[in-house]
Amino acid sequence: MKESYFPQEIEKKWQKIWDETDAFKTYNNSDKPKYYALSMFPYPSGKLHMGHVRNYTITDVIARFKKAQGYNVLHPMGWDSFGLPAENAAMKHGADPETWTDENIAYMTKQLKMLGLSYDWDREVTTCKPDYYKWTQWLFLQLYKKGLAYKKEAAVNWCENCATVLANEQVIDGKCWRCDGVVEKKYLSQWFLKITDYADVLLNDLDKLPGWGDNVKTMQANWIGKSHGAILKFKVVEKDMEIPVYTTRPDTAYGITYLVVAPEYKDIEALTTPEQKAAVEEYRANARKMTEIERLSTDRVKTGVPLGTHAINPFTGEKFPLWTADYALVEYGTGAVMAVPTHDTRDFDFAKKYNLPMKVVIQNPEKPSDCKDEAYTESGVLVNSGEFNGMSNEDAKKAITEKVVKGGFGEFKTQYRLRDWLISRQRYWGAPIPVVYCDKCGIVPVDEKDLPVMLPKDVDFKVVGKSPITTSKSFAETTCPYCGGPARRETDTMDTFMCSSWYYLRYSDAKNSEKPFDKDLVNKWLPVDQYVGGIEHAILHLLYSRFFTKALRDLGLLDFDEPFKNLLTQGMVLKDGSKMSKSKGNTVDPDEIFENYGADTARLFILSDSPPARDFDWSDAGVEGCYKFLNRVWRLIASNSQYITLNYQLSNTLRKDNDDLVRIVHMAIKGITNDISNDFQFNTVISKYRELTNAIYDWQSKKSQPDEEDKNVLSFAIIALIKLMSPVAVHLTEEAWHELGAKTSIHDEPWLEWDENLAKASSITLVVQVNGKVKDKIEVDEALSQDELKEIALNSPKIKELTAGHEIVKVIVVPKKLVNIVIK
RNA sequence: GCUCCAGUGGCGGAAUCGGUAGACGCGUUGGACUUAAAAUCCAAUUGGGUGAAUAGCUCAGUGCCAGUUCAAGUCUGGCCUGGAGCACCA
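Position 605 of the first sequence, counting from 1, maps to 899 under our numbering, and the rest follow consecutively.
Just so you know, these hints were derived from the structure itself, not from any lab. Keep in mind the model is a prediction, meaning the values are calculated, not measured. Note that the Cβ used here is the ideal one computed from N, Cα and C, for glycine as well. Each hint should be verified, as a subset may be incorrect.
Derived Cβ-Cβ restraints for the label pairs, each shown as a range [unchecked claim]:
1. 297 - 1066: 50 to 58 Å
2. 536 - 504: 45 to 53 Å
3. 302 - 516: 22 to 30 Å
4. 1055 - 306: 39 to 47 Å
5. 316 - 777: 49 to 57 Å
6. 735 - 713: 43 to 51 Å
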C-alpha cells in the first residue's frame, strides 16, 4: 500500500470504475425496504457553487448510509432547466438557449461526478427536453379538464425588466425575485391554477408533516393566511345596491363611521355621484400609475376620495359615507372594508386625516380610553352597542354575526390570503401552454396525441418588448382541434415552477414514454423519505409541489397526499460571515478545491463545522485541517496494512488494555449511527471519526511489540474506521479497502452493529456534589447499588472534610452517575 | 406590527432524560525532529484569585432579570440583541 495519500489519482480511478460498473443503479424490484433520498435539483446556471456541494453531499451521505443499512435506495438527479437566464444568455450571445443549457448541464454533470455522488444517472430528468415537458403539458391538460386551470383577466404582477408576469410568490418586497426589478400592476388575461381550492387542506395537512421544521410550516401557514370573520352587507342609500364587506371584527359593527372600497372595485362607477365623478376618476388613474412598492408601503400617508353616496348601518340605522382609498385591496375579501376608526389603526389614521367621525364601542373596563389619540385594538367589553353592551368582544363576534345571519344581511366567512397561482409567462424558454384559440370554439385544449407542443426554433431572441416565441412564423398558426378551422396557439409558456412541481414523481419512472409515470412505481417510491434543499423554497416550490401532489391524487394518478415526508433545509454557505456571491467576490470555486485537495476533503469539510440546518462559514484553514486529517487516516491504515485482515470478528475475552480500544470502537459505531439517524448531525459524526482515529493512535503508541491479540484488535479498529468513514470519504475508503485485499466495494458492505455491553466504558466515574457543586470524582464499579454508591460518596476523605460539622439534610443518588449531598 | 429561529471560550461548535459546561476542530503559544523549511509528533489554551509551581486549592461563568428544583446551557415567566419570513389581508 502506498505510504502517501494521492486523492486526485484515487478519485479519478474510482469514479471511472463506478461509472463503468453502474455501481449506483437502483432497481425497482427488490425485497429490501425502499428509501428515497432527494436533493432539490439545480438550475443549470453554468457551474456548481458551494451551496450545491453542501446540499448534494448531505443527501449523498444519507443515501449511502441508508443503503448500508439495508435499504433499496433511490437517489436521482436532474435539471430544472427552463427559465430566464438561458434566454438572457441567448439574447446576449445570440446562441440558442438549448445549446447554452446543454453545455452547462454537461459541465455540471462532470462536476457532480467529481464530487463522488452516488446517483443513478439512468433516471436523470431534464425539464426542458420534449420527453419531459410533454408530460408537464399533459398534466396541465388534466388540471384544465378538472377545472383547476383557468384563464381570467386580472390585475397581475408585471416585471418590465423580465418582460413577463410573475406569481404572487415571486414578488419579494414589491420586486422581482429574479432581477430585483420593480413590479407593476397590469390588467391582462392570464392562466391560473386553482391552488386556492386546496388552501384548507394545504394548511391542515401541515400537521401530517412532523418531519418538517416548524419554520417552514409556519411560513406556509402564514402564506395561506386563514382568518375567520364575517361578510356584512350594507344597503346603499342613493341606489338600489348592496355592498358586502369582509371583516374579522364584527364585534365593532356599531362603531362603523364610513366605508371604503378599493379604487379597482367593480361597482365603483355606479356608486359615484356625478358631482364626485371627476375627483374619483383622477384618484383611480393615480392609483393605477403607482408601483406595488409605493402602493403597499405602510409608511405612506393614507389618501382617499368620497364617492358622494352613503350606506346604512343595519344595527344602528345610522347613515355613513362611502369612500374610495387605496389602502383597501381589491384582491382580498370583497374589495370593500367597513371602517371603525376607534378600533383599527389604519381606519384611525384615515379618519384623523379627513376628519371623519369616531365612535367608541369597545372598552377595557379597567382603563377606558376615548380613542382620541390612538385606536384601541385590544380585547374588551362592548359599549354603545345596544343589546350587546357589556358582552366581551370575543363573545360578541359570534353573537353579532348570528344576528346578521338571522337578519339576512350577512354570513360567517373563512377567508384565505392565498391567491391562485398565475402560471403564464410571456417568455420563450418554458413549456408552451397547450391550448389554441379558435374564433368559433373559443379556448380549446390541444389533443393529447399531439403533445408535446414543441418550442419553435425559428425565433429572434433579440426582439424587444415581446416574447421571442411570437416572432416564429410557424408556431402560432394552427388549426382548431374541434372544428378544424384556423386557430392561434397560446404563445405564453408555463412558469418553471410547474416543471419542478412534479419532477420528483418522474424519477420513479423516468423513461416512460406512455405516461408521466406508472402508478404502481410512483406509489412504490413516493413519498420522498428525505428531501434536502435550501430554505428559499419554503413557500414557492414546496407549496406548489404539495398542491400538485394533492391535485394529482384527486385525478387518480397516485395514492398519497404529501410528497415529502421529511424535509431538511440546509443553511447557507458563508465566507467571512456573509453569503458567497460573485458581486462580493467571496466565492470559492469547487473545481479548485477538487484539484488541490480532492473531493473527499471537500465532502468532509462541508459537513464538519456546522450542523446541516445552520449556516456554514467556509474557511481555508478548515479545508486544510480536513485534508491533514485524511492524510492522518491514510497513514494509519498504510502503516498497519501488514496486520489488517478483512474481518470484523473478535474474540470475546480480551486483556484489559485491548478491551478499552474495542469499547471505544463500539462507542464510535453507536455514536455515529445515532448522530446520523438523529437529524443528520454530521458535524458530530466527523468529530467522532477524529476521536476514534486519535484513540487508535494513542493505543498504538503504547504497543512497541504487538502480539497476535494486539494485531487482531488493531485490525478490527481500523476496518471499523474505514467502514464508518465510507459514506463521507467515499474514494479514500474504497481505495484503502481494495489495497487491503478486498475484491468488492466498501460501499456494498453492510453498516456496523454495536454491542450494547461493549459500547460503554468498563468503569464509571461517580460525581460527588455537595449542595449541587462538584467536589469529588471517584472511579467505581458500575454494578454497585444506590446504597453502596451513597456509602462510597460519604466516606470519601474530601467529602468527609466538607461535611464535618454540618447536618446532612438529604442525599440524592442518581444510579451510575452522581451523588448529591445536601448539607446545612 | 405579527410569526418563527438563534444567542455557550479568540473562532466554528459539543453537551439523549434537568446531573462533570466547553467534546472535536480551527487559531494561538511553547517544545521535539531537521543544517533549514515543509510535513509530522508532543504539550498548553474560559476568566479571576492564591501559589515558587507545569502541582494543589478556590471563586465566577452558557445574552439579561426573576422563578421552579437537591441540581438549570437545558424547564417556566418577563425582557435584550441578532437573523429569517410575512405585512394597509380589514
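Results for each hint:
1. 297 - 1066: 50 to 58 Å: 54 Å, holds
2. 536 - 504: 45 to 53 Å: 46 Å, holds
3. 302 - 516: 22 to 30 Å: 48 Å, violated
4. 1055 - 306: 39 to 47 Å: Once the Cβ atoms are compared, 43 Å apart, the range 39 to 47 Å for residue 306 and residue 1055 holds.
5. 316 - 777: 49 to 57 Å: About 51 Å separates the Cβ atoms of residue 316 and residue 777, which means 49 to 57 Å holds.
6. 735 - 713: 43 to 51 Å: 29 Å, violated
Going through the hint list in order, the structure does not satisfy hints 3, 6.
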